[in-house]
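Enquirer: Here's the letter readout for the chains.
There are 4 protein chains.
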Amino acid sequence: MDAIFSVSSQLARMTRFEWALLAALEANGIAPAGAVAKLEPLLDAEFLDGHSLIEESKQAGNLAIPFVRALTRALANHDKDAAAFVHFGATSQDVLDTALVLQLRDALGLIEADLGKLDSALEALVRKHARTILCGRTWLQAGPPVTLGLQLAGVLAALRRHRRRIRWAAYHALVLQFGGAVGTLASLRDKGPPVSSALAKKLDLREPVLPWHTQRDNFAEVATSLGLLVGTLGKFARDVSLWMQTEVAEVAEPAQEGRGSSSTMPHKRNPVACATILAVATRVPSLVATMLHAMLQEHERGLGTWQAEGETLPEVFCLTAAALVRVLEIAEGLEVDSARMQTNLAATQGLVFSEAVSAALARFLGRAEAHALLENASREAVRGKRHLRDVLRENPEIRRHLSDSDLDRLFDPGDYLGSTQCFIESVLENADDPHSI
Amino acid sequence: MDAIFSVSSQLARMTRFEWALLAALEANGIAPAGAVAKLEPLLDAEFLDGHSLIEESKQAGNLAIPFVRALTRALANHDKDAAAFVHFGATSQDVLDTALVLQLRDALGLIEADLGKLDSALEALVRKHARTILCGRTWLQAGPPVTLGLQLAGVLAALRRHRRRIRWAAYHALVLQFGGAVGTLASLRDKGPPVSSALAKKLDLREPVLPWHTQRDNFAEVATSLGLLVGTLGKFARDVSLWMQTEVAEVAEPAQEGRGSSSTMPHKRNPVACATILAVATRVPSLVATMLHAMLQEHERGLGTWQAEGETLPEVFCLTAAALVRVLEIAEGLEVDSARMQTNLAATQGLVFSEAVSAALARFLGRAEAHALLENASREAVRGKRHLRDVLRENPEIRRHLSDSDLDRLFDPGDYLGSTQCFIESVLENADDPHSI
Amino acid sequence: MDAIFSVSSQLARMTRFEWALLAALEANGIAPAGAVAKLEPLLDAEFLDGHSLIEESKQAGNLAIPFVRALTRALANHDKDAAAFVHFGATSQDVLDTALVLQLRDALGLIEADLGKLDSALEALVRKHARTILCGRTWLQAGPPVTLGLQLAGVLAALRRHRRRIRWAAYHALVLQFGGAVGTLASLRDKGPPVSSALAKKLDLREPVLPWHTQRDNFAEVATSLGLLVGTLGKFARDVSLWMQTEVAEVAEPAQEGRGSSSTMPHKRNPVACATILAVATRVPSLVATMLHAMLQEHERGLGTWQAEGETLPEVFCLTAAALVRVLEIAEGLEVDSARMQTNLAATQGLVFSEAVSAALARFLGRAEAHALLENASREAVRGKRHLRDVLRENPEIRRHLSDSDLDRLFDPGDYLGSTQCFIESVLENADDPHSI
Amino acid sequence: MDAIFSVSSQLARMTRFEWALLAALEANGIAPAGAVAKLEPLLDAEFLDGHSLIEESKQAGNLAIPFVRALTRALANHDKDAAAFVHFGATSQDVLDTALVLQLRDALGLIEADLGKLDSALEALVRKHARTILCGRTWLQAGPPVTLGLQLAGVLAALRRHRRRIRWAAYHALVLQFGGAVGTLASLRDKGPPVSSALAKKLDLREPVLPWHTQRDNFAEVATSLGLLVGTLGKFARDVSLWMQTEVAEVAEPAQEGRGSSSTMPHKRNPVACATILAVATRVPSLVATMLHAMLQEHERGLGTWQAEGETLPEVFCLTAAALVRVLEIAEGLEVDSARMQTNLAATQGLVFSEAVSAALARFLGRAEAHALLENASREAVRGKRHLRDVLRENPEIRRHLSDSDLDRLFDPGDYLGSTQCFIESVLENADDPHSI
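Residue numbers (the numbering used here), protein chains in the order written: chain A, 1 to 437; chain B, 1 to 437; chain C, 1 to 437; chain D, 1 to 437.
These are computed hints drawn from the structure, not numbers from a lab.
Each residue gets a CB set at the ideal place from its N, CA and C atoms; glycine is no exception.
Some clues are possibly wrong.
[Stated by the list, open to error] To spell it out: a stretch of chain B is covered by chain C in this simulated footprint if at least three of its residues, at any positions, have a beta carbon under 8 Å from a beta carbon of chain C; those stretches are: (1) 269 to 275; (2) 289 to 297.
[Said to hold, decoys possible] Each computed SDA-like pair below joins lysine to any residue, with the alpha-carbon atoms no more than 25 Å apart: (3) C:LYS58 - B:LYS191; (4) B:LYS201 - A:CYS422; (5) D:LYS191 - C:GLU429; (6) A:LYS201 - B:VAL325; (7) D:LYS38 - C:PHE364; (8) D:LYS191 - C:CYS422; (9) B:LYS58 - C:PRO314; (10) A:LYS385 - C:ASP337; (11) B:LYS58 - C:LEU110; (12) B:LYS201 - A:LYS201; (13) B:LYS385 - D:LYS38; (14) B:LYS191 - A:CYS422; (15) A:LYS58 - D:LYS191; (16) A:LYS58 - D:GLN342.
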């Protein structure tokens, strides 16, 4: 991802834009026949000195101005007539925006590929742990049991929504920008539409309904769609890191030589992948906000806002990609200690099944009275450090309605999973359709 | 919009959830026959004291706990057996999240309706001003001419993309939340799926693949889709306010008695609608960031994050709606001073047509040489405060290639609009399809 | 805090500004003698209808315009001559900004008072738990012991820095704004300075070096100083909520009837105070960002940016105050289970003392070799589920340097607290000086 | 600034920390005599391969772990006994945080130096343009006159507040971090305080009251203080860019070869410095929000939050420094067209003096009636495209109170500046005291 957004990669795509434009101009009889053939040897952009172009861009205001100058000069060495038509009809923003679109196409391809792998890894985990029982936890307090498969099915369902969102963002954003100085293609006179079409085709990009230079919603949507994805990745990492706590110890990040060791505490295995993901989740929301602020671009070209996007959107991509790789790493190598899950569940001394008993009693006593009865019994269990079942067994009101075997069944985690398998199957059946948007 | 997100409106929707749940429980043989009929007289939620419920919620941790208590009590006055099944199988988050979904449904309906009106108003403006010529402006500097219709067509195209985004957000978000304590519907035993289906049907909501209580991407997507919309509204207001500057004075917000007057400057007509929109555009991006941060909800119920959403999402809606109303107001009553647009264009003394001349000359001299020639002539024109055409007329190199009438044509704004009409038609032909997502 | 920022409270302070201005005008011979005496009966602002003023403000662009109109009308009923000088020399922003300054003064007073109480409560806790030993935790993994007193001393030291920051923010922000239409006080001719001084004195506010209407750094600094405070409160709540986890259970929020109970899980005591604080900590950073964005106010009065501040700054105060109250509640009633802290520490089977042994061994073997040796022994202890001390006892390399009693001492938590008491004393000795800025 | 925050610079400072620590250990009889002398040849950090350390840090979780390994190895080549005490007593966070503090010291020095230059440049401009009259502008509408000197005096006063804020932030942040694994310095036994003091002295840093590893308010305050500064810089750039608009053209960024030229519009001189500053002002507020979010660090070391700071704070510095350089550039070379300022003021046809007339009339008619009279006359002037003075001359009510020469005086910009010079002098007299905090 860093490579896609490097300066050299940007310059290569800018060169590609100018090459496609020259071809489109030639095809429409504007540039001389054979012009584009002369440009082709320059397509690798190796003649460009990124460092000095960046220096010049500080004075010029953007990278396109020194770039076009350098490209024109380089081509003029081979063919002055062809060089005369470099960048013809275009403005700096056309080449910069379209080059960014070309970078986004590759970057979104990487994200999509990693999401595909993550989908498979998570699906495998969901199947494997469909019946791996652990405490559900609300407000960071133990609750009735769930299965790890159910929890991961929730993540999987969210990821599939994200894939759809990201495809729509790609559909909107992967379009040509070509409008000339103010979006009218005026210097091409009546040749704007055919040149634009030929250019889009050459770059294999969709043509927009009109040039969109200061309507930046498509770029911002790419950022929001990744921001939403990062939220889900962050939630996953937060849960994994909480499960990894010394006192919980139900799962662990995959072990690896030298990984997560501490400089002072030799026994530790720190959740370093989670830390990376959580750092990303701490940073990306603000970058998304920047992209939204940057939408307020004045008239035909914004002042400061356009420039703010240029470094922010690549940062969002690099961070998202880094988090995604780490989530994939965890998903592919998650260590699960189901025995510890059972131990932790047992350590709650039956309190997490109070709802089960309460629901069973509600049929006889009504919900409110049953709830009150269980609340008292739970308090007594907590106070006496006893198992709730043992407290309940001594309660005559309970005994009237529930037998010992009723109670045993009510305190069996495997018996209190309700619709869990049904929900898991529902997620597994709704696989992502890679061809849908 | 304020009404939709008032506490009384929230309580009414919470009551509606409990009513639909009781109906679903009755239909599945869990609650006694006739239970829901007893609840119906309470559907207007008038028996609830919002103020005291909010007070109680501070201790309880959420509004649902005192609400369910109050509802159960109220129903118990009529039918103790029915009251025993109020909220049965559900948890606080189920009723709070689903009530919010019901509020979002209405709120999104309002937004959609206003967007429909705005689409019509803008389309009418685009048609009316398709040929209203004014300076294009880049970096806040005058550039070649555009038409107001073209600029507004850009806004219109963006709004149509927003409508699609908002419909997708609605598609994702307008789903039932019903999972019980930890998302397994365990207290309903094997009756979870049919009760859930009946409940969704009763509320006319889609059923999700599984309960989504701590996967908050759908709510966050509603916020990002509105955030993107606000960006476009803000860009529109920024442009209008710049056009309204005393020194530009090309358009004005619709006049209205008492509107935008100053307490100290009696002559002024301040852009008060723009100010409101820009204030919204300054505030919403950060609220969107909050929604993204709030996605990191721990395990089966988040701590603080879930609570952060509850006030933020309504705030995003109220602000967006306020901005939208103001944009609509402007679009429906925009005052356009096309004479002033011509005056401002003429005041640039031909400089904005340097590109036109440069492009015409490029055919003879190459782009770089033509550009350099015009750069010099432009500087001379600026220095001498003369019209660029007059400077060019004196240049023998120019005269060799361009006649007086060539030059006149090159400095005719109406002749230098390139693909403008073509782009406008393209937008007008791609109307929003209200039935598509 | 809500009361301070209510509309009626704002209107009362606006009235107070106009009263003080009229007095200053009278004292400087501009308004007629006796004018201000006629205004005094109106000082309670009860003649104002907040609701209808807000409606009018939507057209007018701000609340000051209809307010001044209403006040002038009300005074004119008593004294037409006096009424002629209401608001004379001032502009809307003068009254709105200064009224907000007056609200901030009260609001900052509340914050300061609560911070004083919190300082005492924390100091008491620090003293009480100076030697209450628990696991230190890094990366959410158990580490060597600390004391609860040390941890809270860190919070206390941070709070004292916040108090200094907030006092500086108050010093900067609690100044008069009075500049007239564009900040020159032109309509007062040469009487600007004496009127300004008299006005400031009447309101008991500092006079600034010059009117600061579009330099909004002081308001923004109030927001950043509260934002910083909220970060510390949020860190405290995050720690408390983690300590409250079922599997950790080392502390608890103070118990209270009906508090933190769950609608489905009768045994639970949810960390509801922490949830409130964490919700605030999730929301405030974004609001601070809004205040920073809003600083870019155009020329003599901003468009949209100024308006964005008006609702954001009060929101920051109300949220901060809510969090502060909850932190105080926790600090004053924190339940500490020191036995459980010991149990949790013991459950690490000595691993958290590996550093202690490693440091002791380093004297003989060097840091790197000692670290490697302990890393191996720790892994063996984990693998064999044995106490690290028992593993070490069997290691001949260790035995060469450390005796059994050496080892016992190294695994004694109370012996491995280093400079803990020294640090605690250092904090206790550096009490906040309420008179310092 | 980029150099200060480069990896090699960070490694050099980390080496410096370890060197100072070894010296402190040696001075306290823990490390062998002569140990630190052996480390000194390594102080340039050239033996370190930054690239491979970064790669290793991804597994390790932070840069300190491979760094300490590499340093220990390098020293062991010279002196095994000394190497045994490298990093003794410290943890990764100690070296990383303190190295960042050392970077901040240099970075804040640069900022302070540039702020000093900017203070001088602005002061000179304020003096030079104390009487350069231009339109005041509110809501982007022309208002009564101000002077450029007054406007810049407002900027100057704000900058002096920022310098104070930044010095306080420096006072808080430039302190040693040294706490060992969990902040107790346990592995140093009773030698914690003297080693800590010696270390702080060696690095010329203040000693904090206690280690502050997870109390991150000081770093966050550095960010907020820069964020506040950036707000003021952004406001300055927004104003300059608005004054530079083609239709306003009152000032210009300093001209320079190749600067701000357009690739398609040869005549243009774009506000490229303003664009950079505004881009920074669009980005920094969100980064500040990230720093505030990152304050919620768990227990003795945060997960993800600590890591989020590491890249964000340097980014804030680099952006701020870039903006500051550009503001300085503008302040030192601002081109001012005072003739155009007069023209623009004259073009308002006297409307901006309606307040002056209104104030003069108020003495006779009362403020409200005078305001209404001027409002009507202003409307008539606008409608008839006439000068307001000419309209007023025909009004018998006016003539009764104001003579022709009264009116002439009221429409004289130089006569309607009120307290302007007084305010300017007040700012000039309150120079920044570089020795105060």
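Enquirer: Against this structure, judge whether each hint is valid.
Expert: Do the hints match the structure? See the list:
| no. | hint | result |
| --- | --- | --- |
| 1 | 269 to 275 | holds (count 5) |
| 2 | 289 to 297 | holds (count 4) |
| 3 | C:LYS58 - B:LYS191 | violated, 53 Å |
| 4 | B:LYS201 - A:CYS422 | holds, 19 Å |
| 5 | D:LYS191 - C:GLU429 | holds, 20 Å |
| 6 | A:LYS201 - B:VAL325 | violated, 40 Å |
| 7 | D:LYS38 - C:PHE364 | holds, 20 Å |
| 8 | D:LYS191 - C:CYS422 | holds, 11 Å |
| 9 | B:LYS58 - C:PRO314 | holds, 20 Å |
| 10 | A:LYS385 - C:ASP337 | holds, 14 Å |
| 11 | B:LYS58 - C:LEU110 | holds, 20 Å |
| 12 | B:LYS201 - A:LYS201 | violated, 47 Å |
| 13 | B:LYS385 - D:LYS38 | violated, 72 Å |
| 14 | B:LYS191 - A:CYS422 | holds, 11 Å |
| 15 | A:LYS58 - D:LYS191 | violated, 53 Å |
| 16 | A:LYS58 - D:GLN342 | violated, 33 Å |
Consistency with the previously given hints fails for numbers 3, 6, 12, 13, 15, 16, ordered from lowest to highest.
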